[in-house]
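Undergrad: The task is to assemble the complex, starting from two chains supplied on their own in separate frames and drawing on the hints.
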Amino acid sequence: MSLEKDRDPSTELRTPAVTNFVAAAEPAAPEGPASPVRKFLQARGSGSVADRIFIGLMLLCALSIFGIVLFILMILVMRSRLSLHQFGFSFFTRSAWDPVNGDFGALPFIFGTLVTSLLALAMAVPLAMGVAIFLTELCPAKLRAPISFVTELLAAIPSVVYGLWAVFVLVPLMRDHLGDFLYKYLGWTGFFEGFNFGVGLLTASIILAIMILPIISSITRDIMLAVPNSQREAMLALGATRWEMIRTGVLRNARIGIVGAVILGLGRALGETMAVTMVIGNHPDISKSLFAPANTLASVIAGEFSEATGDLYLSALIEIGLALFLVTIVVNAIARGLVWAVTRGTPSRIG
Amino acid sequence: MSTNPFHTPPATSSDPGRRAPTNFQTRRMQINTARRWFVNHLVTVLAILSTALVIAPLVAILVYLLYMGASSLNIAFFTHIPAPVGENGGGMANAILGSGIVLLLASLMGIPVGISAGVYLAEFGRGKTLATAVRFTADVLNGVPSIVMGIAIYSLIVMQQKHFSAFAGGVALAVMMVPTITRTTEEMLATVPHSIREAALGLGVPKWRTVLSVSLKTASPGIITGCMLAFARVAGETAPLLFTAFGNQFWSFRLDQPIAALPLQIYVYAMSPYDEWHRLAWAGSLVLIVMIMVAVTLVRIYASRGILKGAS
Chain A
1 MSLEKDRDPS TELRTPAVTN FVAAAEPAAP EGPASPVRKF LQARGSGSVA DRIFIGLMLL
61 CALSIFGIVL FILMILVMRS RLSLHQFGFS FFTRSAWDPV NGDFGALPFI FGTLVTSLLA
121 LAMAVPLAMG VAIFLTELCP AKLRAPISFV TELLAAIPSV VYGLWAVFVL VPLMRDHLGD
181 FLYKYLGWTG FFEGFNFGVG LLTASIILAI MILPIISSIT RDIMLAVPNS QREAMLALGA
241 TRWEMIRTGV LRNARIGIVG AVILGLGRAL GETMAVTMVI GNHPDISKSL FAPANTLASV
301 IAGEFSEATG DLYLSALIEI GLALFLVTIV VNAIARGLVW AVTRGTPSRI G
Chain Z
1 MSTNPFHTPP ATSSDPGRRA PTNFQTRRMQ INTARRWFVN HLVTVLAILS TALVIAPLVA
61 ILVYLLYMGA SSLNIAFFTH IPAPVGENGG GMANAILGSG IVLLLASLMG IPVGISAGVY
121 LAEFGRGKTL ATAVRFTADV LNGVPSIVMG IAIYSLIVMQ QKHFSAFAGG VALAVMMVPT
181 ITRTTEEMLA TVPHSIREAA LGLGVPKWRT VLSVSLKTAS PGIITGCMLA FARVAGETAP
241 LLFTAFGNQF WSFRLDQPIA ALPLQIYVYA MSPYDEWHRL AWAGSLVLIV MIMVAVTLVR
301 IYASRGILKG AS
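Here the protein sequences come in this chain order: A and Z.
Residue numbering for the first sequence is 1 to 351, as defined by my numbering.
Residue numbering for the second sequence is 1 to 312, as defined by my numbering.
In case anyone wonders, no lab produced these hints; they're calculated from the structure.
One or more of the hints may lead you astray.
[Said to hold, decoys possible] If you only want the chain A side, here are some residues facing chain Z, beta carbon under 7 Å, derived:
id, residue
1, H177
2, L178
3, N332
[Said to hold, decoys possible] Per label pair, the in silico range of CB-to-CB distance:
id, chain 1, residue 1, chain 2, residue 2, range
4, A, T309, Z, L42, 54 to 64 Å
5, A, M74, Z, A199, 27 to 37 Å
6, Z, P193, A, P172, 28 to 38 Å
7, Z, Q160, A, L73, 44 to 54 Å
8, A, S306, Z, G100, 22 to 32 Å
9, Z, Y274, A, V259, 41 to 51 Å
Quick caveat: nothing in here was measured; it's all calculated off a predicted structure.
We treat Cβ as the ideally placed atom computed from N, Cα and C, and that holds for glycine.
Isolated chain Z, as found in the complex (with noise of 0.2 Å):
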């Protein structure tokens, strides 16, 4: 039956009912064989195309990105308040101050509190139950909509003050960074050693320096990465301020009035019906952007020398 050169008689069986084993392949063995190899490759293609499908929108919006924004950016751009409706020219200095302000307001609040709870649960929480259910609460947190965050704290602040204001934007943002500092810190301090907290309550350092002054140190370029990381997320989010920070015209100083913020300006001018404003929006979009990938680019570098592992 088989054509195989191979193919010899088998020998003979001191059992006749039962076949040899052969050291050839039968033609269903061939044609599984190819079918093997086909499926192989075919997957193997579809890797690599899937991988090319995933990075073509990304490298499509970045040089689309990068050429709009380009185009469209100038000096004005960083000096200027928006124009008034019509005319041309304006920038958007008071949205970056502003988104800088805002900010800064989350950053105070929320990097001590997300480095304080990363602390207790990598220090003194190790193997409790309500570590664990920080740990999972804080991952879960860090799923929850911001814009949910934006109508809990509209609720909760601008409801109250009757007015939309930088601190209530201050505060959904920093409630944003909170989970995603925890986890970071607590994932740094994991890598500092044992034998380093050691040697220093060994020479009689209470623990809240050894604390500080051992572990939080040691694991501190991660943990800065790390805040850099929860930084530019919320840097770019929109969603909470929208109720929030509400944006602003104009130039704007003060913590319990409305201020403008670079995410929501690009919002509101691209869904403007006006070229000059989309043109603004591409402008912001391009510094946000910017500013956003130099922060991660940097905990990147970072992380390829293994001083912050996994934490982006």
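Looking at chain A on its own, in the form it has when it is part of the complex (with noise of 0.2 Å):
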């Protein structure tokens, strides 16, 4: 057993002392009787190759996360060519979604997509902000550690509880109370307009905006934490009341990382299927109206996938979820790049 073998390049952990120890065990007892220690030693084998089997397979299954990126695109692409090849570009461009006449085209959902997932941030936001805000920065210590915990709850609640919650109190809420309330004060704009169902866009906003909230405010509070108290010192010791300590001290070195939570949340509401397909109406229709049933591109897959029925309108499907995972893939890489920025994506505590 050579030193050279013995001393593994990519072995960084090994303290230089006990390298130096086992070196000059070796030619001290060749031949000799072996010695405890170098009995050990023999017993145990070198290792390297357990070593390299096992840093193999670790290696193997890193890199079955990239396998499994490239794996779902491939076969996405496979199964949409189909439509990829009717339709081309225009897929995205046409609004017409007629499954009898096999003509297929993308837009309603996109539309539906980019409407719920805006207007729940737009709802969300603020709110996520000032629990954020509360939390990092008023919130008595005492009530920090269950205000957290409750939010976190929410993230847990599966999708489909959030649905059944929107389809039996939500839904009937807005139908009832909610809708001829917003018709009264804010119809002349134009955007309360037409029968309302109950069901429909606003309706799968406000339940995505619900959805997505946890998530913005932990990572928001996240990102404040990571603020050097010192900043907030600096701005206090110059005489700013709290609120200006929060807008130039923390808000202002947090932006980066707060934007990137923001299109984190963006990207959840652009997926989110389940309690979206229970509430939107599943009518595939662009309309100024926020009470008008429609549909998204999450919510047109679940609905309408397994009753497709021949292999063009499958292939559409299918090329919707192509799009809709090359968005979100988009769409997160942005986040986490800015959220990393902030955070460095590895743990701070590693020495």
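TA: Encoded structure:
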């Protein structure tokens, strides 16, 4: 067992003292009666083969994450080939969705996805900021743990349960009370017209907002906690009020990460399926009114995939899935990049 | 001009063109101070209000769920399979079992891969570009909508085999578990002090043995809770099961056949027009959420003891 073999260059953790000890012990007793230490070392083997196999295995598993992404992309492209050939890029600009005549365009779903996601963001972001500010800057220490616990519980509730609640509580509320109220006071904008079924863009946006709130607020909280206290102290020392301290000392420093958190919430909203499918009304229409039933990219897949007859129909739905996949990948990559820029990605504890 | 009682005329200045510094507030400064005070308190109130607004729906959902679920939950729910339309009674016993089978399959596939990938990132990949790329991809994969996973696995397995199966459902959920587990495992391993690894390596223990018996063992509470978090997350997933496990109204134990799952059953029953089925959907939601909450709360308890920081 030579010194060179024993000293695996990738072993960064091994202390030099130990290596020296092994090296020193070797020439001392090449043929003589083996010492207990030597016996032990011989019995365990060098371990380099096992190590190499082990590292290889771990590497394989790590690479499988790349594999999954590539594989999903490949299989989706393969299965949507029919529709890709038939419609080309115009698939995303045409508003026809006619399974009977085999005419497909994804524009209504892109519209529905954009409207619900952006509306949800508009509702959720200010609230999430408020929660994050409250939790990091204002909250008494005693309340902090329970409140963050509750917001995390919100994140743990399955989508289908939100959907169930929305169907039986939010939809009647919207149909009987909220809708009339909005029509009465905001009807002049034209966004609250037509017959109000209770299901539709607005209801879907509200349930989406409730669902993405915990994600945005918990990431924003983490990012605001990462702002060093010296920034806050400096602002306070200059005579700033608490809000001025938060605005200048905290929010300005954390703005990149906060944008990242918001985009991350957007990514979640774009792909949210079950709750939206249950309350959006599932109708491929582009309408100015927020009361109108609509459909999103995700909900049209969930709603129509299992009854898709014909290869072209199925292929069109898979192409919608492909589009959703690519969009969420891009959105998430941007968001992660921004969040990482602040929190450095790797845990800060690594010494 | 000022009525401030503390106002004293500036002391004789050598430079009469310049106003001496004052130690009192002019009217404009007073207004400014009042404005700042007002804005400060306004924001404080708004922050508190928004927190209350965020907590309100959760409480509403939980209370309503508890009320509806508890009033419709009975023994039959856990022992019977769904009754035919129009008949009262029936339960979701097959869906609970089906969920268990699919989740077990997913855990068997997803947990080893996820932990191994995490081990690579934390123990062997530190500082390497490849590891950063894997980490980034895992984070991005975490954000891919579950419905996309569903149709990808459908295209891959169900289309090949020409029938829905419990196995396909398991694969879909496993794929969703991997990135979460990878990231938590990595974070947990990063908390293991280097001195412990060095001690093991110093005793001549091979690297693979060090990782298995020292690093992983030290971090195991955190890793286990990380796995439970991932498990809890996929336990409620419906979208990836829609076109893979598909659902089943009867008992099924075969992995190559469609199988019932709790979230799927809730979805189907919630969208049905029958009151009896709505009742069962609420009961199912309560069972599902209690299961998930127990898992998350356990994680939280660990976290508060400092074993699992930042994983939840």
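Undergrad: Report the numbers of all earlier hints that the structure fails to satisfy, in ascending order.
TA: 1, 2, 5, 6 and 7
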